[in-house]
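There are 2 protein chains.
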Amino acid sequence: MPEHIPENSVGLVAPQTFQCNEPLTLNCGKTLDSFELIYETYGELNADGSNAVLICHALSGDHHAAGFHDAEQRKPGWWDGYIGPGKPIDTNKFFVVSSNNLGGCRGSTGPTSTNPATGKPFGPDFPLMTVKDWVTSQSRLADHLGIQNWAAVIGGSLGGMQVLQWSIDYPERVRHAVIIASAPKLSAQNIAFNEVARQSIMTDPDFHEGRFLEHNTSPKRGLMLARMLGHLTYLSDDIMGEKFGRQMRSEGVQYGFDVEFQVESYLRYQGNKFATQMNFDANTYLLMTKALDYFDPAAEFNNDLNLTMKQAQSDFLVVSFTSDWRFSPQRSREIVRALVSNNLNVSYTEVESSQGHDAFLLPNSHYETVLGEYLQRINTEVSA
Amino acid sequence: MPEHIPENSVGLVAPQTFQCNEPLTLNCGKTLDSFELIYETYGELNADGSNAVLICHALSGDHHAAGFHDAEQRKPGWWDGYIGPGKPIDTNKFFVVSSNNLGGCRGSTGPTSTNPATGKPFGPDFPLMTVKDWVTSQSRLADHLGIQNWAAVIGGSLGGMQVLQWSIDYPERVRHAVIIASAPKLSAQNIAFNEVARQSIMTDPDFHEGRFLEHNTSPKRGLMLARMLGHLTYLSDDIMGEKFGRQMRSEGVQYGFDVEFQVESYLRYQGNKFATQMNFDANTYLLMTKALDYFDPAAEFNNDLNLTMKQAQSDFLVVSFTSDWRFSPQRSREIVRALVSNNLNVSYTEVESSQGHDAFLLPNSHYETVLGEYLQRINTEVSA
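If you're matching them up, the sequences are chains A and B in order.
Each residue of the first sequence is one higher than the last, beginning at 138 in my numbering.
Each residue of the second sequence is one higher than the last, beginning at 138 in my numbering.
FYI, nobody ran anything at the bench for these hints, they're computed from the structure.
A quick note: this is a predicted structure, and the numbers were derived from the prediction, not measured.
There's no promise every hint is true.
Here are the simulated lysine to aspartate or glutamate pairs, DMTMM-like style, with alpha carbons at most 25 Å apart [unchecked claim]:
1. B:K410 with A:E346
2. A:K167 with B:D395
3. B:K357 with A:D395
4. B:K380 with A:E437
5. B:K257 with A:D395
6. A:K167 with B:E388
7. B:K380 with A:D441
8. A:K167 with A:E471
9. B:K380 with A:E471
10. A:K380 with B:D395
11. A:K410 with B:D343
Beyond 10 Å from chain B on every Cβ pair, some chain A residues (computed) [as the list claims (entries may be wrong)]:
12. L161
13. E173
14. H206
The C-beta atom is built at its ideal place from N, Cα and C for all residues, glycine as well.
Just chain A, with the same shape it has in the complex (with noise of 0.2 Å):
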């Protein structure tokens, strides 16, 4: 193993294929007749397949959620500080699979992929989908893999509404749902920031529609501000403060539009990176916010969140963070006072935390605890 990957890491890793030939119905009402997802795993299954645990990723993230594709590579995955042998996600215990969402960008069937039938990218003729088609399509990888029914899933923001879906939807194939810095539902709020990220998107004059590939462009400019947009709204305002406060660059204040503050400097460096270095997919951004947006898996239950709940019968553990404001943790004891409602085991715990929303992917060594713990106390001997 190279020398900088660590000992608790799980090393060297290759994504792999599933190809699923199964025609998908979508909730748009469209059709996907086959579609590929890409996806990564990191510990052994074992004899009785019980020891499977599903992540889900949020807006902008992928299936590479721990360790490294390659000895170049400087930065491992995005769950990395949680995924590992002895990490609170415990490869010498479980059977971790993750992969990048149908409709994504780094992979999985989605608008970057050839439309067979015009031989071109599908671009924004790519169909929206919904979490519940997320769940439906992880399903099919859970059966390819043999994977009757999962230990846990677990997922973090838009990922926790996955999980919450898959306890609603396969009750039976989820034995315990580990939902992070969720919620049931958007609110308008919520809807309201990423309506300002769509429309810097589709608003940039690079967007063409969405068919942006064909013109051999993207709408950089629009990604960037999304991404600026986001990130504000992921970090609180008490931890900008203790990182940035009004902290000018060395020169001071120079009148002008170049970066004067120390926040400025970030936000537009993160931005840039976002729109350029990681070339994250417009259209894949845009059905992400909007599958967001969607997400309400009581409207089908005469919007009574204690009646979906009914349908489930996994053990929970739900997890907010204090200074999370995007999805605070009044959002998550919705869903709590929901399953306890239904006499489910449910465990909560509101993590003290300055980092905002992004608290759920940084070190906290409260959370570290008992998402460990909780984990650690899961049966895999016997399959449910």
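With chain A held as given, fit chain B onto it using these hints.
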């Protein structure tokens, strides 16, 4: 008076222009050889000039705070609910002065004015303003109007910052300082929101590095995004929930990018109105956000707000609104503590409201009573 003009309106008003030919050296180091301020007045100045009140406007405000410019105008000035005969800022008692800030785009000298050096609009060459510069220019207007001291200087948000600066720079000219929904300086999060708004405008290809007027265009997309983001942050999560919730337009989910949720419709409408119908100047918008970012009067006093407010001699009314998260009550209390530490007379009210930052412009009986009663107690018989 036209039929639709109510009795408690200041009625028809005509803007006036103050031409100042005394050069003004600005904080940025540049000098304006002369400048114009457009302003309106409501009520009558009394014999000893002791009943004059100055209104300071916020980011996108202007001099037209009350009444109507002509019989065709359906919507009165921006603070008409609070200024008029019998209203909290009672024009039966006070002579009210309201000017468009220097650098504005509604008639005062600003980026859309002709640069005498080039014969073209100033555009991006117009110097950046600070709150201190505005206060200096307003003091010139006071001189011009023969007002030795103001019975009160009143403003909300960025307007409140001007009031605070008045009380520091001209302590003997402000008898009462009324600071509403404001802060002693922006937080990193506030600056970050402004930076996203600025990047929206400056990355719009129609911005032309600020010389859009010379190209017969304007960065409408960028202005629209900036305004959408502004509106989003001026409203509370609660009031957005009350107003829009997750309501869909009548067509329901369309699985597309046309407006689906009511909150999207509202934001797009507000953004478009600002960028097209209201034709707000993009350079003015940029300049106003920079003045907000720069405001930090304590920086001149060893970053000690208590020491800063030692300069003040006015009595103070400070008002905040419970659901205002852009300028939260906590920020108003910072001001109050600094005033109290200097044994100044200060009244502080935290008004219960679900309206967010916008509350300072909207009807609210508690707020109206607090403001009205405070101002009624001001002695306007004897000049200070």
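Structure-based check of all given hints:
{"no.": "1", "hint": "B:K410 with A:E346", "result": "holds (23 Å)"}
{"no.": "2", "hint": "A:K167 with B:D395", "result": "holds (18 Å)"}
{"no.": "3", "hint": "B:K357 with A:D395", "result": "holds (22 Å)"}
{"no.": "4", "hint": "B:K380 with A:E437", "result": "holds (23 Å)"}
{"no.": "5", "hint": "B:K257 with A:D395", "result": "holds (24 Å)"}
{"no.": "6", "hint": "A:K167 with B:E388", "result": "holds (18 Å)"}
{"no.": "7", "hint": "B:K380 with A:D441", "result": "holds (21 Å)"}
{"no.": "8", "hint": "A:K167 with A:E471", "result": "violated (32 Å)"}
{"no.": "9", "hint": "B:K380 with A:E471", "result": "holds (21 Å)"}
{"no.": "10", "hint": "A:K380 with B:D395", "result": "violated (38 Å)"}
{"no.": "11", "hint": "A:K410 with B:D343", "result": "holds (24 Å)"}
{"no.": "12", "hint": "L161", "result": "holds (15 Å)"}
{"no.": "13", "hint": "E173", "result": "holds (22 Å)"}
{"no.": "14", "hint": "H206", "result": "holds (32 Å)"}
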